[in-house]
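Number of protein chains: 2
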Amino acid sequence: MHKQKGANAERELIALFWKSGWAAHRIAGSGSSRFPSPDIIAGNFSKKLAIECKSTKAKAQYITKEQAEGLKKFSEIFGAEPWVGVRFSNKEWYFMPLKDIKQTENQNLVIKLEDAKLMGLKFNELLGEFP
Amino acid sequence: MHKQKGANAERELIALFWKSGWAAHRIAGSGSSRFPSPDIIAGNFSKKLAIECKSTKAKAQYITKEQAEGLKKFSEIFGAEPWVGVRFSNKEWYFMPLKDIKQTENQNLVIKLEDAKLMGLKFNELLGEFP
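The listed protein sequences correspond, in order, to chains A and B. Residue numbers for the first sequence follow our numbering, so the first one is 18 and each next one is one higher. Residue numbers for the second sequence follow our numbering, so the first one is 18 and each next one is one higher.
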């Protein structure tokens with residue numbers, strides 16, 4: 018159920034990219050691949066984004082140290098910017114650059130709803146479209 | 018059976034990229050997505066490749082007009098070079114730039130084994146490593 022909801026949120030995000038003139042797709046077997054992988058790769062002529070996607074009913078979203086390292090490693094090798102996108106319940110997508118996300122004591126990462134609202138980029142801002 | 022063989026060939030190709038210092042992944046739902054899609058996306062810091070992968074026991078591999086158009090469209094929007102990789106039985110991978118592949122009378126594309134041997138790039142050549 019939660020997995021299905023996450024998949025729907027990802028599909029919706031991918032459709033948003035195409036609608037905005039970008040190309041985007043889910044990576045096959047993301048999370049289970051033997052090679053580091055984001056959930057989504059998006060790009061246009063000049064920019065490539067590697068995105069780890071999360072959706073949650075909680076007020077904070079955690080990213081494990083391993084997931085963060087995988088996203089960083091893929092992005093460095095592929096040549097993409099590493100981002101985390103979070104869809105909190107009844108909110109729009111917020112995007113945080115991986116390097117700006119707070120670490121917990123055990124080196125996992127956490128994005129609190131209040132921080133996402135304050136510092137996260139909305140979708141159109143992620144695309145560099147500042148209204 | 019044939020599909021499984023194709024998937025194995027793709028996995029093997031992806032592992033080759035990683036071994037060579039490139040990042041590569043299969044695109045989820047490639048071929049069934051509502052958006053144009055290659056089978057594999059590969060990249061390093063300076064270059065991105067969108068690859069349609071085929072494996073065949075025949076002496077010629079066809080690519081439908083629709084597949085070719087999807088590969089071209091994705092590549093233009095995403096910002097990647099469009100390539101077709103073919104694995105003929107008991108041969109190594111050969112790669113052809115989409116624009117150099119011959120058209121059949123009905124506008125599908127065809128890569129003959131003899132043309133692949135003559136004009137196709139081998140894997141290390143695709144990566145720009147000319148020995």
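Quick caveat, the hints were computed from the structure, so don't treat them as lab data. Hints are supplied without guarantee of correctness; some may be wrong.
[To be verified] Cross-link-like lysine-lysine pairs, in silico, BS3-like; alpha carbons within 27 angstroms at most:
(1) Lys71/B to Lys116/B
(2) Lys74/B to Lys64/A
(3) Lys64/B to Lys90/A
(4) Lys82/A to Lys36/B
(5) Lys64/B to Lys36/A
(6) Lys129/A to Lys90/A
(7) Lys36/A to Lys82/B
(8) Lys74/B to Lys108/B
(9) Lys36/A to Lys82/A
(10) Lys116/B to Lys64/A
(11) Lys139/A to Lys36/A
(12) Lys64/A to Lys116/A
(13) Lys36/B to Lys82/B
(14) Lys82/B to Lys89/A
(15) Lys22/A to Lys71/A
(16) Lys90/B to Lys64/A
(17) Lys108/A to Lys82/A
(18) Lys76/B to Lys89/A
(19) Lys64/A to Lys76/B
(20) Lys71/A to Lys119/A
(21) Lys119/B to Lys90/B
(22) Lys119/B to Lys64/A
(23) Lys71/A to Lys36/A
(24) Lys90/A to Lys129/B
(25) Lys119/B to Lys36/B
(26) Lys36/A to Lys74/B
(27) Lys36/A to Lys134/B
(28) Lys82/B to Lys134/B
(29) Lys116/A to Lys76/B
(30) Lys76/B to Lys22/B
(31) Lys119/A to Lys36/A
Values in this document were obtained by computation on a predicted structure and should not be read as measured data.
Comparing the hints with the structure gives:
1. For the hint pairing lysine 71/B with lysine 116/B, the CA-to-CA distance comes to about 17 angstroms; that is within 27 angstroms, so the pair holds.
2. A distance of roughly 39 angstroms separates the Cα atoms of lysine 74/B and lysine 64/A; the hinted pair therefore is violated under the 27 angstroms criterion.
3. Simply put, lysine 64/B and lysine 90/A have alpha-carbon atoms about 17 angstroms apart, close enough for the 27 angstroms limit, and the pair holds.
4. The hinted pair formed by lysine 82/A and lysine 36/B meets the criterion: a straight-line CA distance of about 24 angstroms does not exceed 27 angstroms.
5. Using a Cα cut-off of 27 angstroms, the hinted pair lysine 64/B and lysine 36/A holds, with the two alpha carbons roughly 25 angstroms apart.
6. Restraint check: the Cα-Cα separation between lysine 129/A and lysine 90/A comes to about 24 angstroms, which is no more than 27 angstroms; the hinted pair holds.
7. With a C-alpha separation of about 24 angstroms, the suggested pairing of lysine 36/A with lysine 82/B holds against the 27 angstroms cut-off.
8. For the proposed pair lysine 74/B and lysine 108/B, the alpha carbon gap of about 10 angstroms is at most 27 angstroms, so the pair holds.
9. The straight-line distance between the Cα atoms of lysine 36/A and lysine 82/A is roughly 33 angstroms, outside the 27 angstroms bound, and the hint therefore fails.
10. Our distance criterion of 27 angstroms between C-alpha atoms is met by lysine 116/B and lysine 64/A, whose separation comes to about 24 angstroms.
11. Restraint check for lysine 139/A and lysine 36/A: the C-alpha separation of about 16 angstroms stays at or below 27 angstroms, so the hint holds.
12. Distance restraint check for lysine 64/A and lysine 116/A: the Cα-Cα separation of roughly 18 angstroms lies within the 27 angstroms cut-off, and the hinted pair is therefore satisfied.
13. A hinted pair counts as satisfied when its Cα atoms are at most 27 angstroms apart, and lysine 36/B with lysine 82/B does not qualify at roughly 33 angstroms.
14. Note on lysine 82/B and lysine 89/A: the hinted pairing is violated, with a Cα-Cα distance of about 37 angstroms set against a maximum of 27 angstroms.
15. Of the pairs offered as hints, the one joining lysine 22/A and lysine 71/A holds, with about 10 angstroms between alpha carbons and a cut-off of 27 angstroms not exceeded.
16. A distance of roughly 17 angstroms separates the Cα atoms of lysine 90/B and lysine 64/A; the hinted pair therefore holds under the 27 angstroms criterion.
17. Of the supplied pair hints, the one linking lysine 108/A and lysine 82/A holds, its CA atoms being roughly 25 angstroms apart against a limit of 27 angstroms.
18. For a cut-off of 27 angstroms, the pair hint linking lysine 76/B to lysine 89/A is broken: about 42 angstroms separates their Cα positions.
19. Between lysine 64/A and lysine 76/B the alpha-carbon distance is near 39 angstroms, which puts this suggested pair outside the 27 angstroms criterion.
20. As the CA atoms of lysine 71/A and lysine 119/A are separated by approximately 16 angstroms, the hinted pair is consistent with the 27 angstroms bound.
21. A threshold of 27 angstroms between alpha carbons decides the hint, and for lysine 119/B with lysine 90/B the separation of about 18 angstroms falls inside it, so the pair holds.
22. About 31 angstroms separates the Cα atoms of lysine 119/B and lysine 64/A, which puts this hinted pair outside 27 angstroms; it is violated.
23. For the hint linking lysine 71/A to lysine 36/A, the alpha-carbon distance of about 21 angstroms falls within 27 angstroms, and the restraint holds.
24. Between the alpha carbons of lysine 90/A and lysine 129/B the distance comes to roughly 38 angstroms, so the proposed pair goes past 27 angstroms and is violated.
25. Proximity of lysine 119/B to lysine 36/B is assessed by CA-CA distance (about 31 angstroms); at most 27 angstroms being required, the pair is judged violated.
26. Of the supplied pair hints, the one linking lysine 36/A and lysine 74/B is violated, its CA atoms being roughly 39 angstroms apart against a limit of 27 angstroms.
27. Between lysine 36/A and lysine 134/B the CA atoms are separated by roughly 40 angstroms; this puts the pair beyond 27 angstroms, and the hint is violated.
28. This hinted pair checks out: lysine 82/B and lysine 134/B have alpha carbons roughly 23 angstroms apart, not beyond 27 angstroms.
29. The hinted pair formed by lysine 116/A and lysine 76/B fails the criterion: a straight-line CA distance of about 50 angstroms is larger than 27 angstroms.
30. At most 27 angstroms may separate the alpha-carbon atoms for a hinted pair to count; lysine 76/B and lysine 22/B meet this at roughly 17 angstroms.
31. About 31 angstroms separates the Cα atoms of lysine 119/A and lysine 36/A, which puts this hinted pair outside 27 angstroms; it is violated.
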